[in-house]
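*Asks:* Residue-level listing of the chains:
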Amino acid sequence: MTTETNGTSKRLRILILDDEPIVCKRLKPAFQKQGYEVETFTDSSSAMDRLKETSFDIVITDLKMEGADGMQVLSTVKALAPETRVIIITGFATLETAKESYRKGALDFVAKPFKLGDILDCVRKIEQEQRGGAQ
Amino acid sequence: MWWQRILERRRRKRDTAGPDIAFWRLQSMFNNFRRILELNNAILEGVADMDRALGGEYIFDRAYLEQSVRRIASNVHHVVYSLNALTGNRHVPLYDRYQDIRTILDDILAGDVRALAGAPVLPLHAVGWELEPLVGIAAVCMAELHNHAGLPVARGCVLTTEGAGLLLKHAAPPRNDRPAAQMNTLRRGQAAAVLQSVHSVFTPPSTNELQERAALLRAQLTAEIAALLDGSPGFGLRADIASVEALVDDASWPDAAGACRAVIQLSPAPGGGIDAAHILPPVRTSQADAAAPTGPRLHRPGQATAEAYADLLEEVLRTLPGDPHMAVLLTRTRPAAVKGTVTSRYFCSSPQDARNMPGRALCQDALVIEAVHTDVADHADGSRSPASGSADRYMLQRTYPFAPMQSEIAPRQPGVRFADGRLATSVTEEGRGRGSALLRQQDMRALAETTMAMERMLGMPIMLEWELGEDGRCRILHAAPYLPPSTDADTDLQEQLADELADELAGATILVRGGHMVQSGVVAGKVVHLEESMRAEDFPVGAIAVTKVASPRLTPFLQRASAIICENGTIAGHLATVARELRLPAVFGMPDATMRLAEGSEVTLDAGELTLYAGVLPALLQFSTAGADLYPTAPEYHTLRRLLRFISPLHLVNPEAPEFAPEGCRTFHDLIHYCHEKSVDELAHFQERRPGLGAIRTRRMQLGRPMDLRVLDIANGLAENASAHPVADDVLSRPFAAFLDGLLREEAWDTAPVALGIRDVISSMPHSMSMLGPSANTLGENLAIISRDYVNISLRLGYHFSVVDAYLGPDLHRNHVYFRFAGGLADPDRRNRRARFIRSVLEDMGFKVVLKGDLVVGSLKQEDTHIMRSALFVLGALTAYARQRDTGLHSETDMHALYEAFHTLFLRHYDRLAPEYDIMTRLDRDASPSGQPRNERTEARA
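Chains as they are written, first to last, in our numbering: chain A, 1 to 135; chain B, 1 to 942.
Just so you know, these hints were derived from the structure itself, not from any lab.
A hint or two may mislead.
Unchecked claim - Listed next, the in silico DSSO-like pairs over lysine-lysine satisfying Cα-Cα at most 30 Å (straight line): (1) A:Lys78 - A:Lys99; (2) A:Lys104 - A:Lys10; (3) A:Lys52 - A:Lys78; (4) A:Lys104 - A:Lys125; (5) A:Lys115 - B:Lys169; (6) A:Lys115 - B:Lys848; (7) B:Lys169 - B:Lys526; (8) A:Lys115 - B:Lys526; (9) A:Lys28 - A:Lys52.
These figures come from a predicted structure and were not determined experimentally.
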């Protein structure tokens, strides 16, 4: 799943799905800067197609979208690749949606607006866990 | 007697029922007041949050903007409601103002920007990003460059889409028949002011008003042109006419260059009159006749007056095909020896271009300057010949220090004299031959710095047009986004750059990490420590400013620096707001920055990551334009700025001014400030206005000073067992206690009689009477409204009036101190000197200060509690110390002496970096010969 770089470390592959282009536009370079491989989508059907083609280490998805919403994406990801970590981001956070996300297997639930550092920390934590697991 | 018993029973009943009702009504009044305070805090917190989002701190979407507006608007509505509940509906018109502003905000969220339209002719300094749909992107870029130091920008103004539309819709009558001939003699500011007032954003104009506005617009345009031409016959005007879409989104930005409808050069004709020549394309730099105008020409005979220029411009606009959204950027031109362009990003595709460039991915990116002679060349032998074939092309690295990579110097005829007056064979000050390049290295570097600063602000490549004047200085004539042709190689290049960046960061040395982001961005430069004695004009342009404290006094430095780093300072403070406004990368609270960053060292700051690296990191700098930051090209950025324009600014600063009224409220901040002032005023006068509510009275404090201060405790501001005449130790209100600490200091009370001339008394009479008139019933009645975390103090000592409004609670983000001071008995000059003395004191403490005549308004927000308490202490001392001092300020020397004395007594003990509120301990320790605190109360409080 991960990509080899320099023969020593592995790059995490991240898929970002949000129907607001500004979110994808800002998150992609921020993750690239940290050395991650990033693909972004603004419609859930294209993202789902891509998820069926290949697997990712982390999926970051918005909750409320046209077509398949974040919960459906979460279910699809977990069905296709249970080891993929899913982070839900939403501007309409409620306790109920957060609970449901966790019940369906989401790793984290982040309310918009959020600081870039918060979500980077979240991804770094996953990276550390995976490295720890690999060792 | 039985009837006496009945009468007594009735009397008792009346006496007991009255106070009960009064008590509950009074309680309700206090509750409404407290509610206003709480909502004010919540609103300002929400505004600060939106402001931080603008700086790039948050990843947000449209839903955030909608929710923020909804939340803030709801709170503002409640503030208006609470004020009306408090005052018995004496401020009902506020509901209309609230609704007006709310409608504008909803329109902005829906993409309608008409509400932004103000004056239809704007000077460049009045233009901001949010006005882009009205003025065009080129005008915004020029305005932003105007706000930054670097190369000077040609003076200019903009005729907005509203203005151009109005001109074209209402043809001007023949010059002699113009009804408002006097309009043409209006001064610049007058016309603008009239026009602004006619064109209210809240009421749609009638047909008559529209015609009147068209006449005023012509007058204003003429006045602006007259100001640009400045009476010099050598100046001309360049008009960039662009189509501007009302709604701008990401996709339309790349078309910004394509939106250019025409570029017209308006110049005095050799035989008299004015010529208008189309220049299409704007500037040709690769041909011999680069500066020669092309296209149709128009000529207007007669004198080259400003009015003639305005008429000719209108004539030109009418020759263009109809367009409902045309904006005109007018810039002043002058005779220039060399003209050219700078392109911030150029992809080197040929091996020749790529030669000599280090690295892999980076080698394909460069900054390109093209330069061409505009006129005939002067030869050493006195002959003149066309400067044909004289285009130069220079390629520079895009990153600091912008090293030259490749130059193509066109061959020139022998004996050509250049713009600096030298020949190619002349020897420069450095002892080298001048050479035949049109531009000197320092010119190239200045152009590169300015261009890259603009690219950093805009978030996309940029093209500048410039001219090198006969004075040897470069000026920017035009700026607009430039989108290089997209190729398949771009994606590969981006991937390659990401790889390179990972390698670069892996080997980079981190000097400092931490703090709070104020404005995101990546920049490299030399470190310069800001010293107190340093003047802004001495700060090297493009350097990274490093300082301990984020004082508002440093604001002028922001226009010259490429970034600012502060060890302390609040991200809601004035300096932070300005940094965001200028889109200047800034980090506050970066630990030990001044100690760890050596003066003159080269560093790279990644403000978004709160990290400072040693040296220049080219890949990081190049990658930074990829989009992790929030750039003005994002629709959300535009929308947020537009929203904040009607939420955040405070225009009503003086409650004594006539515009301090509901109809003067232009933003939500104005509304809540108005409500707060009026609610305080209501509490201060409730006994006179509501005699029925007289059950709870204020208490007169025993202060041991010649002043009368009453206190109204609305919630736990005094000890429960405080007497009817409480003393300072009875005060539990945190902000009031700190203020009293300073106010009661013996050193602050000079009770010697003041020297007053009859001139002082006479000159002060109208002023003082008007100032005191509306509130004359409280003359001599100083009042403090207090709770545990809040104080509002209105003081009239002598003939000056001061207000302190402060919140000091457990939530740091809500802390604020607001101070207002006005009046006096001396003549205006001396009152103004005292006002400037007070301004200096406030600025020393980090206040943001507005000074208008003898009125001083200062505010300090969201600082640590100990800083706020120390500031309140000094304000207390200042209030006592500054009373009647105006009478002694006969000269500037007197003012400086007063400042020095106050500084020695109090200010030097004020330490923003102190870990706790111990200013009194420091003060006593220094004053006492034994070095011990001398005052028990001081010890207890410290």
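*Asks:* Now tell me if each hint is right for this structure.
*Replies:* Against the structure, the hints:
1. A:Lys78 - A:Lys99: Roughly 16 Å between the alpha carbons, so the hint for Lys78 of chain A and Lys99 of chain A holds.
2. A:Lys104 - A:Lys10: 28 Å, holds
3. A:Lys52 - A:Lys78: 12 Å, holds
4. A:Lys104 - A:Lys125: 20 Å, holds
5. A:Lys115 - B:Lys169: Violated, at roughly 48 Å.
6. A:Lys115 - B:Lys848: 28 Å, holds
7. B:Lys169 - B:Lys526: 53 Å, violated
8. A:Lys115 - B:Lys526: Answer holds: Lys115 of chain A to Lys526 of chain B is near 29 Å, not above 30 Å.
9. A:Lys28 - A:Lys52: 21 Å, holds
This entry does not satisfy hints 5, 7, going by the numbered hints stated previously.
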